[in-house]
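The task is to assemble the complex, starting from two chains supplied on their own in separate frames and drawing on the hints.
Chains as they are written, first to last, in the numbering used here: chain A, 289 to 407; chain B, 6 to 116.
It should be emphasised that the hints constitute simulated quantities derived from the structure, not laboratory data.
Backbone N, C-alpha and C define an ideal beta-carbon position, used for all residues, glycine too.
Among these hints, one or two may not hold up.
Claimed, not checked - Within a straight-line C-alpha distance of at most 25 Å, the following computed PhoX-like cross-link-like pairs (lysine-lysine) qualify:
(1) A:K354 to B:K86
(2) B:K111 to A:K329
(3) B:K86 to B:K111
What the hints assert, rightly or not - Computed footprint of chain A on chain B; a stretch qualifies when at least three of its residues, placed anywhere within it, have a C-beta under 8 Å from a C-beta of chain A:
(4) 44 to 54
(5) 103 to 115
So you can see what is in the structure, the chains are spelled out below.
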Amino acid sequence: GAVVSQHPSWVICKSGTSVKIECRSLDFQATTMFWYRQFPKQSLMLMATSNEGSKATYEQGVEKDKFLINHASLTLSTLTVTSAHPEDSSFYICSARKQTGQATIYGYTFGSGTRLTVV
Amino acid sequence: GQSLEQPSEVTAVEGAIVQINCTYQTSGFYGLSWYQQHDGGAPTFLSYNALDGLEETGRFSSFLSRSDSYGYLLLQELQMKDSASYFCAVRDRGSQGNLIFGKGTKLSVKP
Numbered sequence: 289g290a291v292v293s294q295h296p297s298w299v300i301c302k303s304g305t306s307v308k309i310e311c312r313s314l315d316f317q318a319t320t321m322f323w324y325r326q327f328p329k330q331s332l333m334l335m336a337t338s339n340e341g342s343k344a345t346y347e348q349g350v351e352k353d354k355f356l357i358n359h360a361s362l363t364l365s366t367l368t369v370t371s372a373h374p375e376d377s378s379f380y381i382c383s384a385r386k387q388t389g390q391a392t393i394y395g396y397t398f399g400s401g402t403r404l405t406v407v
Numbered sequence: 006g007q008s009l010e011q012p013s014e015v016t017a018v019e020g021a022i023v024q025i026n027c028t029y030q031t032s033g034f035y036g037l038s039w040y041q042q043h044d045g046g047a048p049t050f051l052s053y054n055a056l057d058g059l060e061e062t063g064r065f066s067s068f069l070s071r072s073d074s075y076g077y078l079l080l081q082e083l084q085m086k087d088s089a090s091y092f093c094a095v096r097d098r099g100s101q102g103n104l105i106f107g108k109g110t111k112l113s114v115k116p
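Next comes chain B alone, as it looks inside the complex (with noise of 0.2 Å):
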């Protein structure tokens, strides 16, 4: 099967810069994305890595390193905002296509 792991809780403080690790096992592998989820809401597209190294995106950046089955996102700046869950996904190899999530990542920033 396939899985994701991810720490459950994070916590950092405004103007810091944390990363949320996610170590996968895949039958086959089609990109690891990355979810922030606000308490209530649904989750938000935030990045995809599908080649190894670093996507940039504003204050959020995206690593992935397929040999190790690992990637991690980065939070920089860290806003009291960012306060969410953030979760790691994978494409399920069928052919159908979902997402196969992480258990998720509860950031706790602090002023």
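Just chain A, same shape as in the assembly (with noise of 0.2 Å):
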């Protein structure tokens, strides 16, 4: 299987902090992974790609500098939401594909989320 292992699940923190989110696949090797974000009752929203060894893509409305992506090895990439505003606060949702034989829409795996609330 495909498994992609998000951390933390659930983070508190204080407006004006840091906060980094972790996104692992766990037994196959993502060259390019998604970071979605999820505010409540609405859909998935992609807020950049992240590429191994290049810089991240981010989706027009999105600040790069608030939002900071690295995507360090070809298993872990990683969402920095600095300097937090409770307007920040939502659920972010990471995803990678794992390439298969077929260029077919299969292999899209979800983490497991975290759920960011800034007081």
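Below, the structure is given as structure tokens:
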């Protein structure tokens, strides 16, 4: 199977502090990982695409200096929310795609998500 | 751009059958997939259609009509544990290949 581990599962932090979220592919290599954000009762919105060994690609409206992404190895991507504010409170989910022999949509595996609450 | 439309809420009773529709607009098409998400949890993959027709996986089936840009998820013999949000998704035509999700359909299964 393809397993993606995401930590922490929940975190409460004070406004102005930074929080790091880790996403690991446990049994496969992921050259690309995706970071999504989901507000209550809403859909998952892509924030950025993390590429191993290169800079992340951010979606329009997502501040790259606020949401720092590092993809230092083929199995680990991190998202750091810097100077967090209450409006950053959300559910953050990573996803990785295991490359298969067929160019299909299969293989998208999600981490368990991180519930961030900024107080 | 790419967009997906699906109903916001559906209610059904245990043992019933429910169909969740999804229409999409995409530039380039790489298949339609369905994900289930329970409250507080991450999305889990349910089904995928690349070609027209019906794909059956146990109690869940998914259908696709590419000419109509339409698909649906069919849930049979509903159980209370099926209460969750269901998202249809397509792959972005960009080279990065991320998924674009619909807004989700919240299914409530009543006794």
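Against chain A, does the stretch 103 to 115 of chain B show at least 3 residues with beta-carbon separation below 8 Å?
holds (count 8)
Taking 25 Å as the top limit, are the C-alpha atoms of K86 (chain B) and K111 (chain B) close enough?
Holds, at about 13 Å.
Is the Cα-Cα distance between K111 (chain B) and K329 (chain A) 25 Å or less?
Distance of about 9 Å is within 25 Å: holds.
Check, residue by residue, whether the stretch 44 to 54 of chain B contains three or more positions whose beta-carbon lies closer than 8 Å to a beta-carbon of chain A, and give the verdict.
holds (count 7)
With the threshold set at 25 Å, check whether the alpha-carbon distance from K354 (chain A) to K86 (chain B) stays at or below it.
Violated. K354 (chain A) to K86 (chain B) sits at ~38 Å, over the 25 Å cutoff.
Comparing the model with each earlier hint shows a violation of hint 1 alone; every other hint is respected.
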